[in-house]
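Taking this note's numbering, I'd label the letters of the sequence shown as residues 5 to 92.
Heads up, some of the hints might be wrong.
Stated by the list, open to error - Cross-link-like lysine to any residue pairs, in silico, SDA-like; alpha carbons within 20 Å at most:
id: 1; residue 1: K29; residue 2: S65
id: 2; residue 1: K29; residue 2: A52
id: 3; residue 1: K29; residue 2: D69
id: 4; residue 1: K29; residue 2: A58
id: 5; residue 1: K29; residue 2: I8
id: 6; residue 1: K29; residue 2: K43
id: 7; residue 1: K29; residue 2: E84
id: 8; residue 1: K29; residue 2: A70
id: 9; residue 1: K43; residue 2: D69
Said to hold, decoys possible - Between beta-carbon pairs, the in silico distance windows are:
id: 10; residue 1: K91; residue 2: K29; range: 31 to 37 Å
id: 11; residue 1: E36; residue 2: K91; range: 27 to 33 Å
id: 12; residue 1: K91; residue 2: G44; range: 28 to 34 Å
id: 13; residue 1: Q14; residue 2: E56; range: 34 to 40 Å
id: 14; residue 1: F12; residue 2: A58; range: 33 to 39 Å
id: 15; residue 1: I34; residue 2: L85; range: 29 to 35 Å
id: 16; residue 1: M89; residue 2: V17; range: 27 to 33 Å
id: 17; residue 1: R16; residue 2: A88; range: 31 to 37 Å
id: 18; residue 1: E68; residue 2: Q39; range: 33 to 39 Å
id: 19; residue 1: V17; residue 2: E84; range: 33 to 39 Å
id: 20; residue 1: Q83; residue 2: F12; range: 14 to 20 Å
id: 21; residue 1: R16; residue 2: D87; range: 14 to 20 Å
In short, the hints are calculated from the structure, not lab data. Just so it is clear, CB atoms sit at the ideal spot from N, CA and C, and this is done for glycine as well.
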Amino acid sequence: MLVIVSVFGQDRVGIVAAIATVMAKENVNILELTQTIFKGNFTMMISAQLPENADFAAIRSDLEDAGQELGMTVQMQRQELFDAMHKL
């Protein structure tokens with residue numbers, strides 16, 4: 005399953021490492037990653053492939069927990085839902 009992970013919040017050390025660690029533990033393959041910092045605000049978007057037997061809800065919860073520890077907002081959506089929400 006293809007997913008989009010969005011990360012937003014105040015910039016700080018360790019954001020990419022924390023999110024990538026959660027994904028690596030679940031064998032999630034990061035396909036594309038972009039990040040930017042604007043006036044101290046960090047934004048990252050990740051396109052990723054979950055393994056066939058992955059528990060979507062559990063991975064999403066683990067990412068949200070990692071985000072809370074960092075003081076960040078982390079969301080994971082199925083790519084088809086993300087695409088449908090962002091079509092003009």
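Right, here's what the structure says about each hint:
Of the pairs offered as hints, the one joining K29 and S65 holds, with about 13 Å between alpha carbons and a cut-off of 20 Å not exceeded. Restraint check for K29 and A52: satisfied, since their Cα atoms lie roughly 14 Å apart, inside the 20 Å limit. Among the hinted pairs, K29 with D69 is consistent with the structure: their alpha-carbon atoms are about 14 Å apart, no more than 20 Å. A C-alpha spacing of about 11 Å is found between K29 and A58, which places the hinted pair at or below 20 Å, so the restraint holds.
For the suggested pair K29 and I8, the alpha carbons sit about 17 Å apart, so the restraint of at most 20 Å is met. The suggested pairing of K29 with K43 is violated, with an alpha-carbon distance near 32 Å, which exceeds 20 Å. Restraint check for K29 and E84: the C-alpha separation of about 24 Å exceeds 20 Å, so the hint is violated. Simply put, K29 and A70 have alpha-carbon atoms about 13 Å apart, close enough for the 20 Å limit, and the pair holds.
With a C-alpha separation of about 25 Å, the suggested pair K43 and D69 falls outside the 20 Å cut-off, and the hint is violated. Take K91 and K29: their Cβ atoms lie about 33 Å apart, and the range 31 to 37 Å holds. In this structure the hint that E36 and K91 lie 27 to 33 Å apart at CB is violated, the actual value being about 19 Å. A beta carbon spacing of about 31 Å between K91 and G44 agrees with the range 28 to 34 Å that was offered as a hint.
For the pair Q14 and E56, the beta carbons lie near 36 Å from each other, so the given range of 34 to 40 Å is met. Distance hint check for F12 and A58: the Cβ-Cβ separation is about 23 Å, which falls outside the suggested range of 33 to 39 Å. Remark: the range hint 29 to 35 Å for I34 to L85 is contradicted by a beta-carbon distance near 19 Å. Checked against the hint of 27 to 33 Å, the C-beta distance between M89 and V17 comes to roughly 31 Å, which is consistent with it.
With their beta carbons about 32 Å apart, R16 and A88 fall inside the hinted range of 31 to 37 Å. Checked against the hint of 33 to 39 Å, the pair E68 and Q39 fails, with Cβ atoms roughly 18 Å apart. Checked against the hint of 33 to 39 Å, the C-beta distance between V17 and E84 comes to roughly 34 Å, which is consistent with it. At about 18 Å, the CB distance of Q83 to F12 agrees with the hint of 14 to 20 Å.
Take R16 and D87: their Cβ atoms lie about 30 Å apart, and the range 14 to 20 Å is violated.
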